[in-house]
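S.K.: Here is how the chains run, residue by residue.
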Amino acid sequence: MTTVALKPATMAQALTRALRDAMAADPTVHVLGEDVGTLGGVFRVTDGLAAEFGEDRCTDTPLAEAGILGTAVGMAMYGLRPVVEMQFDAFAYPAFEQLISHVARMRNRTRGRMPLPITVRVPYGGGIGGVEHHSDSSEAYYMATPGLHVVTPATVADAYGLLRAAIASDDPVVVLEPKRLYWSKDSWNPEEPQSVEPIGRAVVRRTGRSATLITYGPSVPVCLEAAEAARAEGWDLEVVDLRSLVPFDDETVCASVRRTGRAVVVHESGSFGGPGGEIAARVTERCFHHLEAPVLRVAGFDLPYPPPMLERHHLPGVDRILDAVARLQWEADN
Amino acid sequence: MTVMEQRGAYRPTPPPAWQPRTDPAPLLPDAEPYRVLGTDAAAQADPELLRRLYAQLVRGRRYNVQATALTKQGRLAVYPSSTGQEACEVAAALALQERDWLFPSYRDTLAVVARGVDPVEALTLLRGDWHTGYDPYEHRVAPLSTPLATQLPHAVGLAHAARLKGDDVVALAMVGDGGTSEGDFHEALNFAAVWQAPVVFLVQNNGFAISVPLAKQTAAPSLAHKAVGYGMPGRLVDGNDAAAVHEVLTDAVRHAREGGGPTLVEAVTYRIEAHTNADDATRYRGDAEVETWREHDPIQLLERELTARGLLDEDAKQSARDAAEVMAADLRARMNQDAVLDPMDLFAHVYAEPTPQLREQRDLLRAELEAEHADQEGTHR
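Note that the protein sequences, when read in sequence, are chains P and H. No gaps in the numbering here: position 44 of the first sequence is 58 in the numbering used here, and each next residue is one more. No gaps in the numbering here: position 269 of the second sequence is 754 in the numbering used here, and each next residue is one more.
Keep in mind that the hints were calculated from the coordinates and are not lab data. Please read all numbers here as calculations on a predicted model, not as lab measurements. Mixed in with the good hints there might be a few duds.
[Claimed, not checked] With beta-carbon atoms standing in for the labels, derived distance ranges:
#, chain 1, residue 1, chain 2, residue 2, range
1, H, Asp827, P, Ala65, 46 to 54 Å
2, P, Pro160, H, Lys557, 52 to 60 Å
3, H, Thr864, P, Phe302, 31 to 39 Å
4, P, Pro76, H, Thr735, 49 to 57 Å
5, P, Gly62, H, Pro698, 49 to 57 Å
6, H, Leu854, P, Arg215, 45 to 53 Å
7, H, Leu534, P, Gly62, 47 to 55 Å
8, H, Pro841, P, His147, 19 to 27 Å
9, H, Gly613, P, Phe302, 38 to 46 Å
Where a beta carbon is used, it is the ideal one built from N, C-alpha and C, also for glycine.
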């Protein structure tokens, strides 16, 4: 028996591997986007794909996001499985009409006769010192659009698994890739067959008894750090990584909150009209009698995304998370 | 000393990256809309094709009249009529082979029917019982697209995919003059030209985008001229001359099939009716203008040509009218039946499998329906 040594890999490398494996396994998988060919994408996620599979399979398109997604719709109509790269979160907005009016609706519009298996990859979120339009958390827009699945990985292994699952899905899936985690490393064995998680399952990243931090994507490492720091305060925090925003895993989230009795939702997106409101409502509706305190939200401020020199004040950090945990009415226990 | 001598060795040079591009001259549209009927070109037209076009135009006009009547009777939620534009609608469908694809806009129900889709299924969207009634794969007709020009990139993507697979399939996409102002029109034409995708874009310039005339829509010499900027040929054709539209579209389809890339066709026509039954055209145009176009009616133009050449007698006209009446009677009868709807279908096709959240909401609706049913049972008892 040979043991394969686990090597550190970055999330970007795992995503590349997922694309490569999907393209090798299925000739209908086509990658298209801006700079995805010769350059390998601005984050190098499509590195080497054009060389390996040819420019017809990994295509540099004209610079037009609606055109990219719109042509992907036509390609999917003809039996292909397009994987579209939107270069940055805020550059995906021109494609919203195609996404909302066609991608999300075509299956329903045609009573299931014309499903569109399209994957839309969107690098999202802040924390990389990006100038304006390079750091948005756009998940609430996608979540509010029926017909789309929305997933976001927080680990290297999940990046691989979720992207493979997205490409394999017969429904359109928006894969939100936390760009500040692109270079995060995990020990990961790319040689072993990867288990591909079905879309829609959250995972408990850290077990704890005092309260549950419900989070996803770029905020998962922040919450894990906060949970470690909380030990000094005597709090044992559980961290749930949602992984899938649509569908939403009520079961895993509520099982955790019922155990701990307290919950804080953490995300970079603004709190007003953001995902946290929906999550807090779902938890309250389902776990009311188990709750010792209102469900709190720790989020980005309700601002246009700040300039890079100020973004650290905007992003939810360990202190803001711990401050929220402190407000979970612990005195009632005494 | 001349200026050149003063400059010595220095000579102006073009920017290093610059190179001469495609000669625009062959891409330019004709100065006037291309016509066949009433011209010498008509002698070249296949009499059988002209008779076929005639029968389809008569049927198409009857379809428009019947659908408009059904709207007034409350059987359709709305009907954007293509009365006066039947030549474009019919020619678009007839220019395609069976393996080709049609991408219609919301005013193109008639093209969808001419392609072979059941006339009742083609009206599902406008009746309001579902968003698309027909199976797009059965006749290779994409769903009627309501958001303007958004179907054009779909046509490009499909044609591109077909070419990648080695299939000689052509996509024909339909759009109106207003739609040419949309960003998706630009992006679709640009992608099509860059990819040399086998697509034909048919712009029906019917004069108005609801109430806004073409002069407020564009400053281009013609809509067909827009093709030149993308590097594809633009063709300008009389949209009420069925033989001309059919010829231009057939040529463009053949050109695309043979690997020549996309073509933009502008068919100059006129929307005789208001935008829809909900619109009041008297607020933005005069009767005199409409009358000039009634004189240029596509059915009359073809009828005159056929009659002059002895290709259409009274019997043939009557048989075209009879066939149209049979279609209209069938449409009337079937549209007058109430659609049978199952509200639970609302949840059936949002995803391949409903999400847990949708399953909960489906159960809620089911319970509401059962309670409603129980109430009705109680009332009846």
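S.K.: For each hint, tell me whether it holds in the structure or not.
M.R.: Going down the list of hints, with the structure as the test:
no., hint, in the structure
1, H:Asp827 to P:Ala65: 46 to 54 Å, "holds, 51 Å"
2, P:Pro160 to H:Lys557: 52 to 60 Å, "violated, 34 Å"
3, H:Thr864 to P:Phe302: 31 to 39 Å, "holds, 37 Å"
4, P:Pro76 to H:Thr735: 49 to 57 Å, "violated, 29 Å"
5, P:Gly62 to H:Pro698: 49 to 57 Å, "holds, 53 Å"
6, H:Leu854 to P:Arg215: 45 to 53 Å, "violated, 31 Å"
7, H:Leu534 to P:Gly62: 47 to 55 Å, "holds, 53 Å"
8, H:Pro841 to P:His147: 19 to 27 Å, "violated, 35 Å"
9, H:Gly613 to P:Phe302: 38 to 46 Å, "holds, 40 Å"
Violated hints for the displayed structure, listed by number in ascending order: 2, 4, 6, 8.
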